[in-house]
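Kindly produce the complete structure, drawing on both the sequences and the hints.
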Amino acid sequence: MGYSTVMGHMIVFMTILTAIGLLVVEVSEYLTTTTKDVDYQQESLKDQLETGISLTSTTYDATEYYIYATNTGKTTLEVDCMDVFIDREYLPQDNYSITITDLTFDPTLWNPDESIEINAYWTPVAGTKEIRITSCNGVTDSMMMTVT
Numbered sequence: 022m023g024y025s026t027v028m029g030h031m032i033v034f035m036t037i038l039t040a041i042g043l044l045v046v047e048v049s050e051y052l053t054t055t056t057k058d059v060d061y062q063q064e065s066l067k068d069q070l071e072t073g074i075s076l077t078s079t080t081y082d083a084t085e086y087y088i089y090a091t092n093t094g095k096t097t098l099e100v101d102c103m104d105v106f107i108d109r110e111y112l113p114q115d116n117y118s119i120t121i122t123d124l125t126f127d128p129t130l131w132n133p134d135e136s137i138e139i140n141a142y143w144t145p146v147a148g149t150k151e152i153r154i155t156s157c158n159g160v161t162d163s164m165m166m167t168v169t
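Numbering (the numbering used here), first residue to last: 22 to 169.
Take the hints with a grain of salt, since some may be wrong.
Claimed, not checked - With beta-carbon atoms standing in for the labels, derived distance ranges:
1. E151 / L44: 50 to 58 Å
2. D58 / M31: 34 to 42 Å
3. I41 / E151: 56 to 64 Å
What the hints assert, rightly or not - Derived DSSO-like pairs: lysine-lysine, alpha-carbon spacing no greater than 27 Å straight-line:
4. K67 / K57
5. K67 / K95
6. K57 / K95
If you are wondering where the hints come from, they were derived from the structure by calculation, not from laboratory data.
Computed from a prediction, not measured in an experiment: that's the story for all the values here.
Backbone N, C-alpha and C fix where the C-beta goes; we use that ideal spot for every residue, glycine too.
Have a look at this one:
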């Protein structure tokens with residue numbers, strides 16, 4: 022009877038050790054994944070904090086808006102990834118073109134301290150309009166203009 026009690030305790034003890042081992046492996050994998058996610062979020066937040074966009078002026082004629090902006094941050098931005106909104110209405114990319122006006126070296130990237138001109142092919146309608154541009158990482162700037 023003593024032998025069976027000892028063996029029963031050994032089996033329970035080994036089962037508990039196995040369960041603890043599996044738990045440690047799962048917690049380790051969870052912590053690794055969480056650490057990677059936190060690192061990604063930190064990098065994304067750093068990128069947003071180092072990004073700055075400043076709308077400098079807006080004008081219009083009978084068929085389109087002209088929007089001028091400067092990259093005031095430290096982050097190089099992709100020109101093809103910008104979003105343009107007029108009065109909170111999204112303009113599809115085929116409704117505007119972006120030109121870097123003081124190009125330093127790469128025509129597809131909007132480098133710090135460079136300016137862009139956005140030609141938005143959108144017929145101006147009289148009234149006060151909000152012009153907004155947004156970068157790939159969500160940084161945005163807006164400006165109000167009056168169309169007469």
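Quick rundown of the hints versus the structure:
In this structure the hint that E151 and L44 lie 50 to 58 Å apart at CB holds, the actual value being about 54 Å. Taking 34 to 42 Å as the suggested C-beta distance range, the pair D58 and M31 conforms, at roughly 41 Å. At about 59 Å, the CB distance of I41 to E151 agrees with the hint of 56 to 64 Å. The suggested pairing of K67 with K57 holds, with an alpha-carbon distance near 15 Å, which does not exceed 27 Å.
Between K67 and K95 the alpha-carbon distance is near 11 Å, which keeps this suggested pair within the 27 Å criterion. A C-alpha spacing of about 24 Å is found between K57 and K95, which places the hinted pair at or below 27 Å, so the restraint holds.
Comparing the model with each earlier hint shows no violations; every hint is respected.
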